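Asker: Residue strings, one per chain:
Number of protein chains: 2
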Amino acid sequence: MMIAVDAAGGENAPREIVKGAIKAAQEYEVDIALVGNKAILHVLAGRQIRKLNLTIIDAKEVIAPTESPMKAVKSKPNSSIVVGTNLVKDGVASAFVSAGNTGAVLVSSLLSLGKIKGVERPALGSFIDLTPATPFLLIDSGANAECRPSYLVQFAHLGSIYVKNLLDIEAPRVRLLSTGEEETKGNRLAQESYSLLKKTKLNFVGSIEGQDISRAIADVIVTDGFTGNIVLKTIEGLGDTFLGAARQIGYIVATASHLRGRALLQEIGVGSWAKKADYREYGGACLLGVNGTIIAAHGRSQAKAIKNAIVLAKQTVERNICQIIKEENYEQAD
Amino acid sequence: MMIAVDAAGGENAPREIVKGAIKAAQEYEVDIALVGNKAILHVLAGRQIRKLNLTIIDAKEVIAPTESPMKAVKSKPNSSIVVGTNLVKDGVASAFVSAGNTGAVLVSSLLSLGKIKGVERPALGSFIDLTPATPFLLIDSGANAECRPSYLVQFAHLGSIYVKNLLDIEAPRVRLLSTGEEETKGNRLAQESYSLLKKTKLNFVGSIEGQDISRAIADVIVTDGFTGNIVLKTIEGLGDTFLGAARQIGYIVATASHLRGRALLQEIGVGSWAKKADYREYGGACLLGVNGTIIAAHGRSQAKAIKNAIVLAKQTVERNICQIIKEENYEQAD
Numbered sequence: 002m003m004i005a006v007d008a009a010g011g012e013n014a015p016r017e018i019v020k021g022a023i024k025a026a027q028e029y030e031v032d033i034a035l036v037g038n039k040a041i042l043h044v045l046a047g048r049q050i051r052k053l054n055l056t057i058i059d060a061k062e063v064i065a066p067t068e069s070p071m072k073a074v075k076s077k078p079n080s081s082i083v084v085g086t087n088l089v090k091d092g093v094a095s096a097f098v099s100a101g102n103t104g105a106v107l108v109s110s111l112l113s114l115g116k117i118k119g120v121e122r123p124a125l126g127s128f129i130d131l132t133p134a135t136p137f138l139l140i141d142s143g144a145n146a147e148c149r150p151s152y153l154v155q156f157a158h159l160g161s162i163y164v165k166n167l168l169d170i171e172a173p174r175v176r177l178l179s180t181g182e183e184e185t186k187g188n189r190l191a192q193e194s195y196s197l198l199k200k201t202k203l204n205f206v207g208s209i210e211g212q213d214i215s216r217a218i219a220d221v222i223v224t225d226g227f228t229g230n231i232v233l234k235t236i237e238g239l240g241d242t243f244l245g246a247a248r249q250i251g252y253i254v255a256t257a258s259h260l261r262g263r264a265l266l267q268e269i270g271v272g273s274w275a276k277k278a279d280y281r282e283y284g285g286a287c288l289l290g291v292n293g294t295i296i297a298a299h300g301r302s303q304a305k306a307i308k309n310a311i312v313l314a315k316q317t318v319e320r321n322i323c324q325i326i327k328e329e330n331y332e333q334a335d
Numbered sequence: 002m003m004i005a006v007d008a009a010g011g012e013n014a015p016r017e018i019v020k021g022a023i024k025a026a027q028e029y030e031v032d033i034a035l036v037g038n039k040a041i042l043h044v045l046a047g048r049q050i051r052k053l054n055l056t057i058i059d060a061k062e063v064i065a066p067t068e069s070p071m072k073a074v075k076s077k078p079n080s081s082i083v084v085g086t087n088l089v090k091d092g093v094a095s096a097f098v099s100a101g102n103t104g105a106v107l108v109s110s111l112l113s114l115g116k117i118k119g120v121e122r123p124a125l126g127s128f129i130d131l132t133p134a135t136p137f138l139l140i141d142s143g144a145n146a147e148c149r150p151s152y153l154v155q156f157a158h159l160g161s162i163y164v165k166n167l168l169d170i171e172a173p174r175v176r177l178l179s180t181g182e183e184e185t186k187g188n189r190l191a192q193e194s195y196s197l198l199k200k201t202k203l204n205f206v207g208s209i210e211g212q213d214i215s216r217a218i219a220d221v222i223v224t225d226g227f228t229g230n231i232v233l234k235t236i237e238g239l240g241d242t243f244l245g246a247a248r249q250i251g252y253i254v255a256t257a258s259h260l261r262g263r264a265l266l267q268e269i270g271v272g273s274w275a276k277k278a279d280y281r282e283y284g285g286a287c288l289l290g291v292n293g294t295i296i297a298a299h300g301r302s303q304a305k306a307i308k309n310a311i312v313l314a315k316q317t318v319e320r321n322i323c324q325i326i327k328e329e330n331y332e333q334a335d
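Residue numbers (the working numbering), protein chains in the order written: chain S, 2 to 335; chain H, 2 to 335.
Since the hints were derived computationally from the structure, they do not count as laboratory data.
You may find that some hints are simply not true.
One copy or two, it doesn't matter: identical chains are merged, so the pair holds either way.
Computed list of lysine-lysine pairs in DSSO-like fashion (alpha-carbon distance at most 30 Å, straight line) [stated by the list, open to error]:
1) K327 <-> K75
2) K61 <-> K186
3) K52 <-> K20
Computed from a predicted model, the values in this text were never measured in an experiment.
Sequences are here, hints too, so could you generate the full structure?
Answerer: See the structure below:
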């Protein structure tokens with residue numbers, strides 16, 4: 002299985018991307034194609050290219066994070082993002098991982114791979130892991146700022162299929178993000194989506210409010226891409242704040258008590274919690290509903306996050322998610 | 002100054018409400034009117050009634066948290082919420098504090114007090130305090146699930162007036178909650194609100210993404226009531242999660258090290274941080290734009306939160322916020 006990795010995308014490209022890709026190739030049985038400036042990649046990857054059998058694919062152009070996605074994708078056919086999605090389209094790569102301009106990754110995936118038949122809008126599904134229990138999938142975490150109720154129902158379907166087949170949860174509990182538990186709460190979109198979700202065969206168990214997100218009462222949390230993106234990033238931001246506080250405490254305790262304070266803290270409590278709240282641990286978001294496996298990693302991704310994104314891509318391909326969506330979606334359309 | 006307190010509203014009513022009101026009366030120079038079941042309140046408040054000169058106002062009916070606000074307010078004229086807002090309307094009380102059904106508090110305030118001339122939609126402003134710097138105001142934190150761009154501009158005005166006059170910040174930095182920094186990011190509501198906000202005389206400094214909420218780069222964060230409510234509650238929920246982790250760590254360190262671990266932690270690091278992330282410390286949300294001072298406290302409020310909500314009401318009245326909104330809004334309408 003070959004996974005194409007955008008070596009030019011994200012704040013820490015190309016160095017951290019190459020590091021992460023090398024780690025993934027070393028620790029997991031996965032062939033990597035690095036997409037970016039050939040000359041630079043040869044210098045950065047060096048001897049690892051032959052050692053790990055890395056493929057280098059030249060892509061001279063770069064799409065900046067602030068560029069307008071549609072315009073950038075159309076005007077830069079040799080950008081790492083367009084080249085990467087085309088590798089998936091042409092069957093050269095099984096998946097593409099990019100920490101670059103998320104909008105451009107979406108547009109390029111749609112133009113190159115197309116939507117799976119019956120899918121109105123592909124959506125980004127992000128795993129969030131805050132509790133000792135299993136993580137949940139937040140969908141849509143940012144692909145569709147403007148949504149109709151029917152989109153949210155489809156996000157619920159896509160998310161259920163993903164969680165079921167990736168995490169082996171037989172009937173994932175689906176909840177709708179809203180401002181109250183009752184069907185009458187929330188905005189019009191939430192209210193209408195609730196009444197549609199009730200009628201599906203999904204394991205829809207009601208709404209969920211913000212304060213209950215970390216209570217492990219949902220396997221799939223459905224919302225529009227605007228709200229989802231803000232919630233995801235709020236969690237990330239608070240995670241960073243907690244992490245900073247936790248580190249400071251560990252340091253102060255270690256200094257003040259002359260004990261093994263910091264090590265102790267990391268071993269027992271803060272360590273595992275903070276690790277979970279840290280986006281650097283996440284693998285990124287999977288674009289569900291397109292004809293191929295595309296993982297949008299965090300723009301601030303460092304080597305570890307890139308490695309994890311590659312592992313998520315690998316699992317998504319191995320579990321045949323794309324094919325299952327095609328089949329199940331076809332069934333639903335019948 | 003008399004502040005009316007809904008003794009029947011919220012999960013911990015009436016006991017915690019009465020406790021909080023008594024604390025406020027003891028620690029601050031404020032006259033309290035407890036609104037609720039007279040007989041019960043006499044038993045709960047006991048000797049404090051004479052000692053602190055508490056007023057007991059009978060309200061036989063209670064509006065449950067799950068009741069439809071409009072229906073409940075219309076059918077229960079003797080409910081603590083309707084009686085409480087009428088006390089403000091009639092000039093008996095300077096403010097009303099309720100931890101009851103927020104929707105019913107909004108509806109009753111609108112019906113009883115009315116909107117300030119020129120205000121399209123009153124909004125809930127909630128102070129959030131996550132950093133060592135000053136807190137910021139999130140508006141709308143839940144009054145209007147469905148919003149137009151013009152509403153958000155007005156929320157920005159209301160929020161700026163509140164922060165300026167309550168916290169003595171001369172030109173509060175206003176930011177729009179969105180999914181990117183550029184004007185073109187976000188949903189249609191965010192995009193159109195951005196272009197309107199640019200044209201105001203407010204100190205509008207751009208958008209803010211979820212991950213930057215705790216970075217102290219805004220004094221007022223503007224959003225619709227659906228997104229705002231979800232973000233507020235997400236922060237509360239994560240605060241609780243972190244608090245739990247922090248307490249556990251404090252306990253383990255104290256046990257394992259036989260040191261003053263817990264006390265140490267509380268004194269130096271986790272204590273102050275956790276305090277900030279704990280909704281029990283917040284005073285509640287102020288309903289800005291109605292003809293009177295109304296504070297909607299958290300439904301899970303315990304005595305401390307109620308006390309703080311009463312203090313917020315007191316400050317809001319003392320700083321003459323309602324009158325200033327009337328004057329400044331009139332100026333803007335000119």
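Asker: Determine for every hint whether it applies to the structure shown.
Answerer: Hints, verified against the model:
no. : hint         : verdict
1   : K327 <-> K75 : within (27 Å within a copy, 51 Å between copies)
2   : K61 <-> K186 : between (50 Å within a copy, 27 Å between copies)
3   : K52 <-> K20  : within (14 Å within a copy, 71 Å between copies)
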